[in-house]
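Just so it is clear: in the sequence shown, position 83 is 1107 by the working numbering, and no numbers are missing.
Among the hints, a few may not be true.
Stated by the list, open to error - Lysine-lysine pairs mimicking DSS-like chemistry, simulated, CA-CA at most 30 Å apart:
#  : residue 1 : residue 2
1  : K1036     : K1153
2  : K1199     : K1036
3  : K1185     : K1036
4  : K1037     : K1202
5  : K1199     : K1185
6  : K1037     : K1137
7  : K1153     : K1100
8  : K1153     : K1202
9  : K1199     : K1099
10 : K1199     : K1153
Because the hints were derived from the structure by calculation, they are not lab data.
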Amino acid sequence: HVIANLNDSNLKKCFDKITALPEYANMFVSAADAQDMLGSETLLIIADVNNRLQYESPEIAENAFTTVIIDHHRKKEEFKTQPAIAYIEPSASSACELVAEILEQSMPQGQLKSDEAELMFAGILLDTKQFSQNAGARTFSAALYLRAEGANPAEAQALFKTDLSDFMREARFTKNIKMLRYFIAIAIN
């Protein structure tokens, strides 16, 4: 299961895409439901977060017996409970890049579904700002693997396109920015 805020409008297109696959239809659960599922044999995988306050459910992290961390952010604090595996690679552009590397080494070619590959490709696009920041040879290698597994870059980009009303709201917000002491931006929407 994946603990997620299913009401997050930023991820609606991603949830719609992946839950259309039968094996993912009931994969996503709320933090409250996940707490009821937690058992002594549960493996908790925390990805793309370096701060306990940003976990989708800090309570699950505190109560899980076995934890794995996959992250591309620098470690900010010591783990309350030592994870079984901590794959923290700050030189990577995104957690999706790291997961793609793991899958490429551990799964037979053609086993990853194109929608799964596309969502990971979208994660790389998001973290690298369309390959314009923090993208290196490893990033492009992971992207190449995901393309070979069926990711469509145009479809991946479409997952984060905003509609015109959201674009206009953001534009009005940034238009009203006032700078204070050259490094504090204040805006009112």
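Hints, verified against the model:
1. K1036 with K1153: Holds - the C-alpha atoms of K1153 and K1036 are around 20 Å apart, at most 30 Å.
2. K1199 with K1036: Cα-Cα ~27 Å, so holds.
3. K1185 with K1036: 12 Å, holds
4. K1037 with K1202: 33 Å, violated
5. K1199 with K1185: Judged against 30 Å, a Cα distance of about 20 Å means the pair holds.
6. K1037 with K1137: Between K1037 and K1137 the Cα gap is close to 17 Å, so the pair holds against 30 Å.
7. K1153 with K1100: Holds, at about 23 Å.
8. K1153 with K1202: This hinted pair holds, its Cα atoms lying about 25 Å apart.
9. K1199 with K1099: Roughly 35 Å between the alpha carbons, so the hint for K1199 and K1099 is violated.
10. K1199 with K1153: 22 Å, holds
Comparing the model with each numbered hint stated earlier shows that hints 4, 9 do not hold.
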